[in-house]
Structures are given as C-alpha cells and as structure tokens.
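Start from chain A and add chain B according to the hints.
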Amino acid sequence: ELKVEQNPLFLSMQEGKNYTIYCNYSTTSDRLYWYRQDPGKSLESLFVLLSNGAVKQEGRLMASLDTKARLSTLHITAAVHDLSATYFCAAANTGNQFYFGTGTSLTVIP
Amino acid sequence: DTGVSQNPRHKITKRGQNVTFRCDPISEHNRLYWYRQTLGQGPEFLTYFQNEAQLEKSRLLSDRFSAERPKGSFSTLEIQRTEQGDSAMYLCASSLALATEQYFGPGTRLTVT
Chain A
5 ELKVEQNPLF LSMQEGKNYT IYCNYSTTSD RLYWYRQDPG KSLESLFVLL SNGAVKQEGR
65 LMASLDTKAR LSTLHITAAV HDLSATYFCA AANTGNQFYF GTGTSLTVIP
Chain B
2 DTGVSQNPRH KITKRGQNVT FRCDPISEHN RLYWYRQTLG QGPEFLTYFQ NEAQLEKSRL
62 LSDRFSAERP KGSFSTLEIQ RTEQGDSAMY LCASSLALAT EQYFGPGTRL TVT
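Quick mapping for you: the protein sequence lines, in order, are chains A and B. My numbering runs 4 ahead of the 1-based position in the first sequence. My numbering runs 1 ahead of the 1-based position in the second sequence.
FYI, nobody ran anything at the bench for these hints, they're computed from the structure. Here the structure is a predicted model, which means the values were calculated and not measured. Some hints here could point you the wrong way.
Claimed, not checked - Straight line, CA to CA, 27 Å or less: simulated BS3-like cross-link-like pairs of lysine-lysine: (1) B/Lys58 <-> A/Lys7; (2) B/Lys15 <-> B/Lys72; (3) B/Lys12 <-> A/Lys45; (4) A/Lys7 <-> A/Lys21; (5) B/Lys58 <-> A/Lys45; (6) B/Lys15 <-> A/Lys45.
To be verified - In silico negatives: residues of chain A with every beta carbon more than 12 Å from chain B: (7) Glu19; (8) Thr24; (9) Thr31; (10) Arg35; (11) Glu62; (12) Thr71; (13) Thr77; (14) Thr81; (15) Ala82; (16) Ala94; (17) Thr106; (18) Gly107; (19) Val112; (20) Pro114.
Backbone N, C-alpha and C define an ideal beta-carbon position, used for all residues, glycine too.
With the rest of the complex left out, here is chain A:
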C-alpha cells in the first residue's frame, strides 16, 4: 500500500515570500497529483505529474516530480492571501486508486 507523507503540516508565511511543500511516497508510483481544498469545500485539481522530471507551473505555483527519490514538491512564489488553503498531494497505484497525504494547511499573512 502506498503511504504518502507531506511536510510541513502547517505553514504560515508572509505575502511576497517563497516556500516549498514536500511530498514523499513509499512505493513506486508514476503519477502524482496536487489538489487544493478550501474550508468546507471539495478538492480542486492543480497539477497532474506523469513522469520523472515533470515540472508544471500555474501562476505562483510550480510542481515537480522526482520518481527516483519518490518526491514531489509544490513551490509557492511570492505568496498572496488568495493562496491560503489546504494543499494535498496524492500518489496513484496501477488501479488508479489515490493515496493522499495529510495535507499542508497554508496561511498567507498580509
């Protein structure tokens, strides 16, 4: 069974600063996903990473995947308040069953 760990669990950062969220997974998976969840809401897909070395960027967020290290990162550039949310990574097994991390609760302080 895939185990997925994220860190940090909580992140408080000032507007304009940069930071990285880390996602480690325990066994082979060639697909890694990042989702955003606002309080009381469902999950919004951010990135789908399908191969080693994949890098995707959308606005102030950039995600990357290193399948050899079993590591994905979500980098936040020049944070703004609207990015405050909980971010989840998920790794998929061959049956397309997703295993989620515990999430990183991000608060961006003005």
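Just chain B, lined up with the frame of chain A:
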C-alpha cells in the same frame, strides 16, 4: 453544471440509523470512486467501480459500509447502524477508465449524534 454531484450535501442522523448517499458522476466517466475524509486528514480511499462492476471493496471500513452502481451511472454508498466515528465528509470522484485525473464532487458531510 456537468461536474460530479452528490446528494445530500449534509446529513445529520442518530446513532444506529442507516444512511444512504448518492453520487452522479460526469456523464461519460466509467470509473467512480468513494472516499472518506475526516477532519484534518486527507481523503481515504474506500471503493471504486468501473461501469457497474465494483473492482475494489476491501478498503471499505467495515461490513456496515456498502456501495452500488447498478446501471453504471450513479452510485450509492450506504452505512448501516451508524456510529459516531462515521462522522466525516464522504467524497465521490469520477474519471475515464484509461485517464488519470479524478474529478471530485462537493461531498456529503455526515454528522452522527
């Protein structure tokens, strides 16, 4: 709106009662997944269907939990004899069989009193 829909959005029930939730996937999606999310945790996979076939159910939390997708379209998740520990958000997602991305519905929040 052609996204995944779930009903009801909220359910409050007394311990020992049975509850049933419904999920309507995106119309052309063959695969349908159920997850449970408790406060402060990531979603936890429960079961999934490809068309009407339930391909994985070993991760259902107990024999009080069951799911159906009788015609390969909508699905129901039933919890019998609810317990307070069942209080959670129940999420449904769908995908195309050979595609990779799952699209999540808004969830059903269950509170067992």
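Hint check results:
no.	hint	result
1	B/Lys58 <-> A/Lys7	19 Å, holds
2	B/Lys15 <-> B/Lys72	31 Å, violated
3	B/Lys12 <-> A/Lys45	16 Å, holds
4	A/Lys7 <-> A/Lys21	30 Å, violated
5	B/Lys58 <-> A/Lys45	26 Å, holds
6	B/Lys15 <-> A/Lys45	24 Å, holds
7	Glu19	25 Å, holds
8	Thr24	19 Å, holds
9	Thr31	15 Å, holds
10	Arg35	6 Å, violated
11	Glu62	14 Å, holds
12	Thr71	15 Å, holds
13	Thr77	17 Å, holds
14	Thr81	24 Å, holds
15	Ala82	27 Å, holds
16	Ala94	7 Å, violated
17	Thr106	5 Å, violated
18	Gly107	5 Å, violated
19	Val112	20 Å, holds
20	Pro114	25 Å, holds
The structure fails to meet hints 2, 4, 10, 16, 17, 18 from the earlier list, while all remaining hints are met.
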